[in-house]
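Each protein sequence line maps, in turn, to chains F and S.
Position in the first sequence counted from 1, then plus 2, gives you the numbering used here.
Position in the second sequence counted from 1, then plus 2, gives you the numbering used here.
One should not assume that every hint holds.
Identical copies go unnamed one by one, so any copy, or any two together, can satisfy a pair.
Unchecked claim - With a cut-off of at most 30 Å between alpha-carbon atoms, the simulated DSS-like pairs for lysine-lysine come out as follows:
id : residue 1 : residue 2
1  : LYS103    : LYS8
2  : LYS74     : LYS115
3  : LYS103    : LYS74
4  : LYS115    : LYS103
5  : LYS74     : LYS127
6  : LYS103    : LYS127
7  : LYS119    : LYS81
8  : LYS81     : LYS127
9  : LYS74     : LYS119
10 : LYS81     : LYS115
Honestly, the hints are just simulated from the structure, not real lab data.
Protein chains: 2
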Amino acid sequence: MESAFKLDPQLAADTVPVTDLAVSRVLLNDDANYPWLILVPRRTEMVELIDLNDADRATLWSEIALASRVLKEVTRCHKLNVAQLGNQVAQLHIHIIARDKTDAAWPAPVWGKAPRKTYDVAARKVLIDAIRSGL
Amino acid sequence: MESAFKLDPQLAADTVPVTDLAVSRVLLNDDANYPWLILVPRRTEMVELIDLNDADRATLWSEIALASRVLKEVTRCHKLNVAQLGNQVAQLHIHIIARDKTDAAWPAPVWGKAPRKTYDVAARKVLIDAIRSGL
Numbered sequence: 003m004e005s006a007f008k009l010d011p012q013l014a015a016d017t018v019p020v021t022d023l024a025v026s027r028v029l030l031n032d033d034a035n036y037p038w039l040i041l042v043p044r045r046t047e048m049v050e051l052i053d054l055n056d057a058d059r060a061t062l063w064s065e066i067a068l069a070s071r072v073l074k075e076v077t078r079c080h081k082l083n084v085a086q087l088g089n090q091v092a093q094l095h096i097h098i099i100a101r102d103k104t105d106a107a108w109p110a111p112v113w114g115k116a117p118r119k120t121y122d123v124a125a126r127k128v129l130i131d132a133i134r135s136g137l
Numbered sequence: 003m004e005s006a007f008k009l010d011p012q013l014a015a016d017t018v019p020v021t022d023l024a025v026s027r028v029l030l031n032d033d034a035n036y037p038w039l040i041l042v043p044r045r046t047e048m049v050e051l052i053d054l055n056d057a058d059r060a061t062l063w064s065e066i067a068l069a070s071r072v073l074k075e076v077t078r079c080h081k082l083n084v085a086q087l088g089n090q091v092a093q094l095h096i097h098i099i100a101r102d103k104t105d106a107a108w109p110a111p112v113w114g115k116a117p118r119k120t121y122d123v124a125a126r127k128v129l130i131d132a133i134r135s136g137l
């Protein structure tokens, strides 16, 4: 099923690619308000976590843990937020967001709070390189 | 570590117990706006998913999948939302929420949207019994 995988156009427009893991494509949400990874299993027609087969779901869980550890190490954040919502973009994707007590939405969840903020391109590259080298 | 486990007082106040699985205590959030389970690993001093050891985290992942399937079957919801946030209550807990296109927050995430709504006690019992028998 992987060969037919196509990233949802909205996810593609909102993110920058980081790397591919065994199951997931790892993306950085292009919003400088929060260091924010999005993992998209490279499988077709998946909407819920329970749509994945057991092997893929187990691998995804390891990839979520790995990406969480790396994001926490790189950002030294106060808290991680991990979520699978999919109310607006149906393609299965998992948010892993580094939260700090000084960020634009704290302590609320990030969705619908602060307008998207443009990254400094050099700072974004440093962040992506650090995350990629940890994955 | 299980013997020392104590449910956070805020989580206790906001929920009704459903059952205990191998790792998680399963709670129903006492908010009739959305059928909403909360899974709390019965372990002490856990804040992040990555704080759990590998065995507990793997079991928790199975319990999230099981609770997701049961909640979807019982409610026939349009979408599941699964999230670990913990910005306000530090004790590690996982939200599994049944969403419908007609609910009080759709398509936004549920947090901070609609005021808590009281369940009809008999309807709540029917819901809890159905979920418990599926788990």
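Going down the list of hints, with the structure as the test:
no.	hint	in the structure
1	LYS103 - LYS8	between (36 Å within a copy, 26 Å between copies)
2	LYS74 - LYS115	both (22 Å within a copy, 28 Å between copies)
3	LYS103 - LYS74	within (14 Å within a copy, 34 Å between copies)
4	LYS115 - LYS103	both (15 Å within a copy, 21 Å between copies)
5	LYS74 - LYS127	within (17 Å within a copy, 41 Å between copies)
6	LYS103 - LYS127	within (24 Å within a copy, 38 Å between copies)
7	LYS119 - LYS81	both (20 Å within a copy, 29 Å between copies)
8	LYS81 - LYS127	within (23 Å within a copy, 35 Å between copies)
9	LYS74 - LYS119	within (21 Å within a copy, 36 Å between copies)
10	LYS81 - LYS115	both (17 Å within a copy, 22 Å between copies)
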